[in-house]
Amino acid sequence: MPPTSPDQEWKKGSAELLVLCLLEDQPRHGYDISRLIELRSGGVLRFHVTTLYPLLYRLEERGWIEGRWVEKAEQRRRRYYSLTPEGGDVLQAQRKSWKEFVAAIGRITGVEHA
Amino acid sequence: MPDWKGIVRERAACLHLGGAAEADLIEELAEHLEDRHRALRCGGASEEEALRMAVSELDDTYPLRAKSKRTPPMAKYDAVPAGDALRGNFLEDTWRDLRYAVRAMRKSPMFVLFVVLTLALGIGANTTVFTVINTLILNPLPVRDPAGLVSVAAAEAKDTSKSNGPLSISHADLKDYQARNGVFGSLAGYTSPRPLTLQEHGASEQIFGELVTGNYFATLGLSPVKGRFFLPEEDSTPGGHAVAVMNYATWLSRFGGANDIVGRTLRVNNLLFTVVGVAPPNFIGLNAIFGPDLWIPAAMSEKLFPTYMQNALNDRGKAFFQAAGRLNPGVTRAQAEANMATVASDLAREYPDADAGRTATVRPIRDVVLTSTRGDSSSILFGGTILLVVVGVVLLIACSNVANLLLARSAARQQEMAVRLAMGASRGRLLRQLLTESVLLGLLSGVFGLLTGYAGLQLLFGMLPNAANFVTPRLDGSVFVFALVISLATGFLFGSIPAFHASRASTAESLKEEARTTGRSRRKITLANALLAGQVAFSFLLLVTAALFLRSIQYAYEIDPGFQTEHLAVFPTNPGQAGYGRAQTKAFYKTVRERVASIPGVDSVAWVTNMPLWARALNGLHVEGREQRSREDNKITAIVNTIDPGYFATAGVPIHHGRAFGSIDHETATPVAIVNERMAHDYWPGGDALGKRIQLPGEKGMRQIVGIARTANYSAWGEPPQPCVYVPMEQNYSDSMVLYVRTKGDPRQILIPVRREIGAAAPQVLIGTTRTGPEVIDGGLFQARMGVALLSVFGLLALGLASIGLYGIMAYSVSQRTREIGLRMALGAAQASVLRLILKQGMSLVLTGVLIGFAAAILVGRLLSRMLYGVSASDPASMAGAALVLLAVAFLACYLPAYRASRVDPLTALRER
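Note that the protein sequences, when read in sequence, are chains A and B. For the first sequence, position 106 (counting from the first letter as 1) is numbered 106 according to the working numbering, and the numbering increases by one without interruption. Add 1000 to the 1-based position in the second sequence for the working numbering, that's all there is to it.
These are calculated hints, taken from the structure and not from any lab test. Keep in mind that the hints are not guaranteed to be accurate.
Said to hold, decoys possible - What follows is a set of in silico ranges between Cβ atoms, one per label pair, in the way DEER data are often shown:
#, chain 1, residue 1, chain 2, residue 2, range
1, A, Ser-82, B, Glu-1092, 47 to 53 Å
2, A, Arg-58, B, Glu-1010, 21 to 27 Å
3, A, Ala-73, B, Glu-1047, 39 to 45 Å
4, A, Glu-24, B, Glu-1010, 33 to 39 Å
To be verified - Listing some non-contacts, in silico: residues in chain A with all C-beta distances to chain B over 12 Å:
#, residue
5, Asp-32
6, Ser-41
7, Thr-51
8, Glu-66
9, Arg-78
10, Lys-96
We treat Cβ as the ideally placed atom computed from N, Cα and C, and that holds for glycine.
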């Protein structure tokens, strides 16, 4: 494995949560997901295709999300990912534990949440 | 517009995804890059810059590559994933266990070979014995609904105590039984298989035939494989229909399964018989062991055997038949017996001369099937049980051998187990995996065991002389089920203890480096020792049993049968069956006597009706002067032997009182007889038998007793004394007799010359199985010899297995203690003392086993005592012999590893980790 920088490690830990969050309200295709992550993080977080797609496949294999090829008129067909009920449960659980984690880190580092 | 798919495909080629997965991945990534490229261009990047940035996203393919390997690489080599905490699919687990077991077996072929060989011997021995028991005892008759069949026989009404065996029924009585009973749907009669002369292509051969009533096959519920069975009219007119049904095995072996067998004519006893059908396979009549080649209607009996079955169809005194009946639905055996007893008592009243004092018995057909004449099937059952127990013990020894080996291996596999436990496998799962391995080994051994068993059966049944007449072992479904069950049970038995031990491996201890070299735990050594001592005890028990029977048979050979056997040879002939008339037969006897007597080396010759040890007692002898008692009382059972005057000299039977027969006892002279001492003592206890008169069954006149001969054995070797009457052949014509020849030297040397002389005198006359005196004894002791042979084979097998096990354990323990031994020697222990140390360890185990076995042998000996002759169950010689053999072999098994231990080079041993 090539050497990884610390922020890559952080990214890896939270990537699943990010993807699940983005799929919570509507199905999205891969580029849409990566664009939104970059956009909403203000450019801090960015996933390359070689990181994003394996992650999507992994979540799909676990049954948390579901990918489906969708064809729309006058458009190329695209693969849209949507959250499964099981994925929804996982998201709630992960969101809760993330909050606790961040709160715990905050209490120790003194970086208080607003 | 760049070719995005092409770019992605190029980068993804190294992933070797292939198929739809690759196409999907390429399409998805290409779209992504295209969108990205477009966004960058919109954001103001130059074409060149946008392309570079988009493509750079593909630079790091590592995450993709890791993802693409769907199945983890470990799974290929480890079928039981370490962390098997989640409950898997049962079938899937079993399949994985099986594959793992096969791989484990492939890794140690010598181990597998040893296990399979050991167990195959044990399973094979069990299969052989079970097949024999299945054929003879469990499932002896291939007829329809054997439970509904019963055997009907006559019996003495008064006699309640000794030898109240079933008696034969005369044909006329049988007819009345058939007509008067109210309990049988049908009642059939049959005789025992009797020798016949088959004349083919100018040569004579002996075959066996059974006379049966016309409804015989219908009563048994059989259907022919070829042709038909008898028609009612074929058994109605005496001598009218010369037809025969052939034994299936005879049809195959003697006539090559010829298609045109039905309708063929055979010349039997100089009569032409037409074969009308072939009986179904495996059916050899109502005797479990020996059957006829032909079944012939009872109506032919007088024509087939004109002399000794003369008037047999009407004379109620001539009883040749046994009966088998099919009970009417709802009728019990007790009801049938009551009914038949009524019929018999009616007959006794109507025909007091023949039937007085007789009743009828109804017994399960199985009792009769197992014992053709004497009504005791328990000795066969007892023998069968003993054999089953013996082979069971052999299998147990084999199992404990393998269990010991597995224990030794489990020490070596302790690390493997510990690693798995540490990775989260449950103990139950490990246990299951280990048991799968041993059950697989058991099944594999079962396959070879079945083959071994088959070979054993071939060997055993191949020893029987005339294969078509004898029972053939039936390898049917139940044998296979038996083999399967004992293979599975064997697998569990030898696998469970070691598996339990192995799966109890302590994780922490075993993972430590030292654990590898400390070998077995104390507990395992103790268990292995217990198993080993048990093996020795069982082997000792089997050896003692074999030795007891061997000694018993030695004693049996020393029995004095009352006639000489050393210089004797006998030649059965049957001139009557060759079509000889009375005058011709008499001339034949005379010529042969003269010709054989002139052969050099022949001392004397005599014609006799009975084969030695093959005589059957006759009923209905009358003793004059006993009329004052009731009618039944004076009916005496005795052996009747028709002899020529040279008999007593030839057979070496001394006349103690009175005279032997001579030329004065010719056909028209006063009828005379000689009785044996037993008879004289029983009926004329005052010692005044000479001059008294007796009447033989079927004879009109009285015979005067002129001599008293020494009692001999007539029907069986070592039998209790039974009464016997000799009559001169001039006064009692028989168309088949046995030539007794007394030789000066070895009787084997005159066999060929005598046969030549008989053949020269009458080429058509069949000479039956010739026997020398020693062969007569061998025949008489056949069952006992068979038993000893089997017991010896199994005893030696057990000894062999136990010594291999002993050797294995000793060798293993020595190899584990190499360091310790090296240390002892480095500290000054002499080679001899190391040798002593190891030997002591092994031999104390053996001695413990022998002591246990000794105690068991004394208990078992009591059970066996009724089968022993002349030796006590605790015969010291047998015990000592068995102990000596066992100790010697065990000593060798211990000495080899001990010797190796004493040769250990201390320096090498100490360097060893």
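Can you let me know if the beta-carbon spacing of Arg-58 (chain A) and Glu-1010 (chain B) is within 21 to 27 Å?
-> Given about 24 Å between the Cβ atoms, the range holds.
Measuring Cβ to Cβ, find out whether Asp-32 (chain A) lies farther than 12 Å from everything in chain B.
-> Non-interface label fails for Asp-32 (chain A): nearest chain B Cβ at 8 Å, not farther than 12 Å.
Determine whether the non-interface label on Glu-66 (chain A) survives the test: each CB of chain B must be over 12 Å from its CB.
-> 14 Å, holds
Separation of Ser-41 (chain A) from chain B, once the least beta-carbon distance is taken, above 12 Å = Consistent with the label, Ser-41 (chain A) stays out of reach of chain B, its closest Cβ about 16 Å off (over 12 Å).
Minimum Cβ-Cβ distance from Thr-51 (chain A) to chain B exceeds 12 Å = The claim breaks: Thr-51 (chain A) does not keep its Cβ more than 12 Å from every Cβ of chain B (closest is about 5 Å).
Ser-82 (chain A) and Glu-1092 (chain B), beta-carbon distance inside 47 to 53 Å?
-> With Cβ atoms ~31 Å apart, the hint is violated.
Confirm or reject the claim that Glu-24 (chain A) and Glu-1010 (chain B) have a C-beta distance inside 33 to 39 Å.
-> 36 Å, holds
Can you let me know if the beta-carbon spacing of Ala-73 (chain A) and Glu-1047 (chain B) is within 39 to 45 Å?
-> 30 Å, violated
Minimum Cβ distance from Arg-78 (chain A) to chain B greater than 12 Å, as the annotation requires | 6 Å, violated
Are all beta-carbon distances from Lys-96 (chain A) to chain B longer than 12 Å?
-> 25 Å, holds
In this structure, the hints that do not hold are numbers 1, 3, 5, 7, 9, in rising order.
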